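**Q** If you want the building blocks of each chain, they are given just below.
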Amino acid sequence: MADSSAPAGGLLTTSDGRSLKSALASAQKRAKRRAFLLVLPLLAFIVITFIVPIGQLMHQAIYNDGFSANMPRVTAWFAETPPGTPPDETAWEALALDLKDAAAARTVGVVGTRVNYEMSGTRSLFTSTARAASRFEPPYREALLEEDAKWDDPVLWGTMRQVSDAYSANFFLAALDMTRDVNGKIVPMPEDRQIYVSLFLKTFLLAGLITFTCFVLGFPIAHLLATLPMRWSNLLMILVLLPFWTSLLVRTTSWMVLLQQQGVVNNSLVSLGLISEDGRIQMIYNQAGTIIAMTHILLPFMILPLYSVMRPIPPSYVRAARSLGATSWTAFRRVYLPQTLPGVGAGSLLVFILAVGYYITPALVGGASGQLISNLIAFHMQSSLNWSLASALAALLLGAVLVLYWLYDRLVGIDNLKLG
Amino acid sequence: MSESHTDAFVAFDRVQKSYDGASLVVKDLNLNIAKGEFLTMLGPSGSGKTTCLMMLAGFETATNGEIRLDGVNINMVPPHKRGIGMVFQNYALFPHMTVGENLSFPLEVRGMTKSTREEKVARALDMVQMGAFINRRPAQLSGGQQQRIALARALVFDPKLVLMDEPLGALDKQLREHMQFEIKHLHESLGITVVYVTHDQGEALTMSDRIAVFNDGRIQQLAPPADLYERPDNSFVAGFIGENNKLPGTIEALSDGKALVRLATGELIDATPVNVTQKGQKTLVSIRPERVEFKPEMMPAGAHMIAAEVLEVIYMGDILRARLRVAGSDDFVMKMRNTLGQTRLSQGDQLKVGWHPQDARALDPL
Chain A
1 MADSSAPAGG LLTTSDGRSL KSALASAQKR AKRRAFLLVL PLLAFIVITF
51 IVPIGQLMHQ AIYNDGFSAN MPRVTAWFAE TPPGTPPDET AWEALALDLK
101 DAAAARTVGV VGTRVNYEMS GTRSLFTSTA RAASRFEPPY REALLEEDAK
151 WDDPVLWGTM RQVSDAYSAN FFLAALDMTR DVNGKIVPMP EDRQIYVSLF
201 LKTFLLAGLI TFTCFVLGFP IAHLLATLPM RWSNLLMILV LLPFWTSLLV
251 RTTSWMVLLQ QQGVVNNSLV SLGLISEDGR IQMIYNQAGT IIAMTHILLP
301 FMILPLYSVM RPIPPSYVRA ARSLGATSWT AFRRVYLPQT LPGVGAGSLL
351 VFILAVGYYI TPALVGGASG QLISNLIAFH MQSSLNWSLA SALAALLLGA
401 VLVLYWLYDR LVGIDNLKLG
Chain B
1 MSESHTDAFV AFDRVQKSYD GASLVVKDLN LNIAKGEFLT MLGPSGSGKT
51 TCLMMLAGFE TATNGEIRLD GVNINMVPPH KRGIGMVFQN YALFPHMTVG
101 ENLSFPLEVR GMTKSTREEK VARALDMVQM GAFINRRPAQ LSGGQQQRIA
151 LARALVFDPK LVLMDEPLGA LDKQLREHMQ FEIKHLHESL GITVVYVTHD
201 QGEALTMSDR IAVFNDGRIQ QLAPPADLYE RPDNSFVAGF IGENNKLPGT
251 IEALSDGKAL VRLATGELID ATPVNVTQKG QKTLVSIRPE RVEFKPEMMP
301 AGAHMIAAEV LEVIYMGDIL RARLRVAGSD DFVMKMRNTL GQTRLSQGDQ
351 LKVGWHPQDA RALDPL
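As you go down the protein sequences, you meet chains A and B in turn.
Going by our numbering, the first sequence opens with residue 1, and the numbers climb by one from there.
Going by our numbering, the second sequence opens with residue 1, and the numbers climb by one from there.
It is worth saying that the hints were derived from the structure and are not from the lab.
It should be emphasised that the depicted structure is a prediction, and the values quoted were computed from it without experimental measurement.
Honestly, I wouldn't trust all of these hints.
Stated by the list, open to error - Pair ranges (Cβ atoms, derived): (1) A:T227 with B:N30: 31 to 37 Å; (2) A:M230 with B:Q350: 57 to 63 Å; (3) B:I314 with A:M230: 42 to 48 Å; (4) B:P224 with A:L236: 47 to 53 Å; (5) B:T63 with A:F332: 24 to 30 Å; (6) A:L236 with B:A226: 50 to 56 Å; (7) A:F332 with B:P224: 39 to 45 Å; (8) B:T63 with A:L236: 24 to 30 Å; (9) B:I314 with A:R311: 44 to 50 Å; (10) A:F332 with B:D331: 53 to 59 Å; (11) A:T227 with B:P224: 37 to 43 Å; (12) B:R321 with A:K29: 53 to 59 Å.
Stated by the list, open to error - Quick look at which bits of chain A chain B covers, simulated, 3 or more residues with Cβ under 8 Å: (13) 308-321; (14) 325-333.
For every residue, glycine included, the Cβ atom is placed at its ideal position computed from N, Cα and C.
My request is simple: use the sequences and hints to build the entire structure.
**A** This is the structure in structure tokens:
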């Protein structure tokens, strides 16, 4: 017995001489394959509906072939010549022929839009010139300049050179309120066009504030839930979960009914004489509305992790602290609160991440001042159709959340996270 | 030590407790505990013993009556001002603190300086032989080690009174017996007063100066271990502490501390009357299995013996345990020491059994 399993050359073998490692692997192969088959549907679902779209979105943020795909000759000329080369007749010919083809293929709008992202007011230049492109004869420089003298602008050529590369970090720069000058140097946007950084900051600030109010409101409720007898805590738990079973839209609209200027709260305050008819408080369609409605919607996400951490904490810990001479406040601060930290961390992270990306509630009750970054992403997806910028903003948001997650892991430890 | 009503250190005075306002969990508790005494509250679950301990610790309020500590009424004193050390059933060591921090906690909240704290913590840890574990977390300790730390934490701030709520319940048998000895030793060397709650009668018998047997919200008997075991006051105590044989019957005669009981099957047996007062009364006679004799030469003159049949003999190592049919009942047990000259009984043997009259106690009928 002893020699059959003794290390031969450092490796253990089975009694019939096979290596123990391969014997173990083959013994477990069938079970492993079956386990993999069980998770396969979910894996496929996640890959198809989650990972692939996110990957495409990320790709979209740095890749836009609106110019390069439709203007192949100019793109080739830009690739052959070093940056800063003034356009020669080859370039003018390439431009004229590309414009003619693009006009025929009805893609010149796409080209114009792409250039327009970097240099506003150029879309119409492309579309109007393209309409005349079929009549162009050499020499093309004169023909084009005759159609519109703006074609001679070196800034325009510089911009076209930039966008001729389908891969570009410009959308990320735009998302960070920066742009490139004629020489390709990164410079801040003009002051009046800087919107994204401050909106990011505001989004994070509001999300932080919402997380904090959720914590302040949720902690006592979670504690009550955890300490009440089962019969009562179940009833209370149903009340906590009730919002989950109600449509988000219904909940948000009911906040509108309550908080608007002619709403229930204002009417009650007026009839109680606490405020005058002209002094009705603006509680919705602004930041306050966003904070109130989102705190309400996200509160269960704070309460549930807290509850799941508090429930198994036996009352004997606080009792022990009290018997050892601690006042009830000290016992809470030194003994109870530290033990709930995994729940506090999980709830805060959950609420914060949800709040940072929240779209529908700020869109409905946020008014002008309560809009978050997600609303602007939606705007670029749906209205301005600048998907690349929308993707860059979304990627930045995702990156920021991942950084927070990493920070949390470093500071608290992700294994201290308890969600349920 | 047992009769110290005048200078009682802890006193329960007509204490009652109700949780729901409809029924009493503790009914009229009167108990005086002397300084330095080791008193055990023993009883089945739901008998009110833990409630009494919690009232003493201050986590429950007495519905009626008065609890005094060192002569002062403490009904309205919050737990953290009572200065009572407590050891909990699940140890209740703070999981987010090291052993040292756990022990330091009661000293910190009392505002002691760092050097005093360190000195006291080291001394308390040495006392339970756990000095090397000061930087460990409770989760890294075994059950027995956690138990020692919990003990050290309850003692580190030098309380005069220490309460223990089934502190050894979660340990295995061998460790439990070892810890019983250690707790007893600490109690003796420190001179503290201990109120100990358990449902384990063996534990109560080994450790206590006095035992209060609780049932149904009342103290059934308060006595030193030997008295409790050998002279139980009623059928509950006799049944709860140790094994005993119960023979129901009627009092045939009562004279100078002796009773003659006629069993339902007609046999006459001897007993000591405990709570029976007159002839013709129903009674339950209780005899410990180790006090049953089957050799006539060991019996006092004139004592009655009755017929028995051996149904089963179980070899238990140090003792032999025989199950007999006596007076129509199949569960009469007799224990014999496994000595060299011991008569070996076997199944089916017919014999006569008897006992010294003082070993059989005629109690209230169940």
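**Q** Any hints from earlier that this structure breaks? Give me their numbers in increasing order, please.
**A** Structure breaks no hint.
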